[in-house]
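Trainee: Spelled out, the chains give:
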Amino acid sequence: MLLKAFLVGGTICLIGQLLMDLTSHKITPGHILVGFVTAGVVISSLGYYQPLVDFAGAGATVPLTGFGHLLAQGAIEEARRAGILGVFKGALSAAAGGITAAVVFGYLAALAFKPKG
Amino acid sequence: MKKIGQQTVPFTNPPVIIAAACIAGPKEGKGPLKDSFDKVLEDIYYGEKTWEKAEQRIFQETMELALEKANLKTGDIDFMLAGDLTNQIIAANFTARSLAIPFIGLYGACSTMYEGLALGSMLIDGGFARYVLVGASSHYATAERQFRFPTEQGVQRAMSAQWTVTGSGAIVLGSEGQGTRITHATVGRVVDFGEGDASDMGAAMAPAAADTLLQHFRDTGRSPGDYDLIATGDLGKYGRQLVIKLTEQQAPALSDRYTDCGVLIFDESQDTHAGGSGCGCSAVVTCGHILDQINQGRIKRFLGVGTGALLSPCSCQQGESIPGIGHAVAMEAG
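Those protein sequences? They're chains A and B, same order as listed.
This note's numbering puts the first residue of the first sequence at 1298, with every later residue one more than the last.
This note's numbering puts the first residue of the second sequence at 51, with every later residue one more than the last.
Note that these hints are calculated values from the structure, not bench results.
All C-beta atoms in this analysis are idealised placements derived from N, C-alpha and C, irrespective of residue type, glycine included.
Check the hints yourself; a few may be wrong.
[As the list claims (entries may be wrong)] The list that follows gives simulated cross-link-like pairs (lysine to any residue, SDA-like), each with its CA atoms no further than 20 angstroms apart:
hint : chain 1 : residue 1 : chain 2 : residue 2
1    : B       : 350       : B       : 339
2    : A       : 1413      : B       : 76
3    : B       : 52        : B       : 268
4    : B       : 99        : A       : 1410
5    : B       : 99        : B       : 140
6    : B       : 123       : B       : 154
7    : A       : 1413      : B       : 198
8    : A       : 1413      : B       : 98
9    : A       : 1323      : B       : 247
10   : B       : 89        : B       : 111
11   : A       : 1411      : B       : 205
12   : A       : 1413      : B       : 90
13   : B       : 103       : A       : 1412
14   : A       : 1413      : B       : 93
15   : B       : 99        : A       : 1404
16   : B       : 52        : B       : 225
17   : A       : 1413      : B       : 94
18   : B       : 80        : B       : 90
19   : A       : 1413      : B       : 103
20   : A       : 1411      : B       : 94
21   : A       : 1323      : B       : 367
22   : B       : 52        : B       : 169
23   : B       : 287       : B       : 339
[What the hints assert, rightly or not] Only part of the chain A face toward chain B is listed, based on derived beta-carbon distances under 8 angstroms:
hint : residue
24   : 1317
25   : 1326
26   : 1414
[Stated by the list, open to error] Residues from chain A that keep clear of chain B, each with C-beta distances beyond 10 angstroms, as calculated:
hint : residue
27   : 1311
28   : 1312
29   : 1385
All chains should be built: construct the whole structure from the sequences, respecting the hints.
Mentor: Rendered as structure tokens:
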């Protein structure tokens, strides 16, 4: 499992690195970030991301595309349960754990450490 | 009128560099020019809470050190000309608040030191001042936050990127005295070849530097051979190569006596990618290494071109290209 996670996660990151190195400066890290999340949403909605998660675990969920997958699945599930409004509610509910953890740990790290520059 | 040609002012009574001082950061202090700095900081906070406060303190101490070396008090100085890279040039403004010398704030991006030397020399040669204090500073972390990404974000740096020098330089110019003299100033035009990459400022500034160099030679009738050393401010290694390419037709002799302060200040092992940049780059190299070389008699005539990339974070985000400028100042051993 570790090897599979490494290979799949590494390949996703390799694609990001190549996009940064081989494209013009007009493609910024911000574009790549948004692009990866959006790509995750699209791939997941078409049903192709879950098999990758089953295969590689954290190798597929930790990269940004995994966040997109979470948003897409959350929206789809909530839409099934609560109708069309669920599309708006489900995505962030599904991702709430990750988002809150990022805010809390980011805050704690900022309290504990001083950037060295 | 004193101006000759299109853009050059030769000084009838060339102002004297009475004293110069420079303080540099820890990374610069590990570089090849470490012995030429008056002081090297142990860390880039310099005992302050923020990098901005640290830059202001470095700036002020450099200015005070230059005055001390010149044996002058703040009240003796007629004008202070200074600037830096932070928003609204606060490092210079706050230094001027403490020193209380009549202050002309300058923003020429990284060309500020040379812009100040050119203007200060005009004030003195024009008879408007006896002593002028000129200074410029930059700080790696304040400039990264200002122009690119906060360093805490850990964004990868491109290979063409340069490392903003943490440091500050100051020069006291006087109407009379002993020392190196400023003989000419060539004020640059803003030149833009359409480079838009904020990680490749050397390429954005090189056309302006080449333009000013060639104009200086045309205006003065001099050629590169008349100088022992010619240096641009902070083009880095790729920008320097570009200047050589842009001038090889009209000034082929340039390449064997031409260097760049951004190339001199770091060595390859310091992993800065294309070299140093920032107001502090040309300021500390000129106030330290180059003036040392002139004072020790190794260089008699020097031509420096302070180079600036005239962008703002907003203009870059809106897709504008980066205009460049270069101001040339010729110095001669006293």
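Trainee: Name the hints, by number, that the structure is in violation of.
Mentor: Going through the list in order, the structure violates no hint and respects every one.
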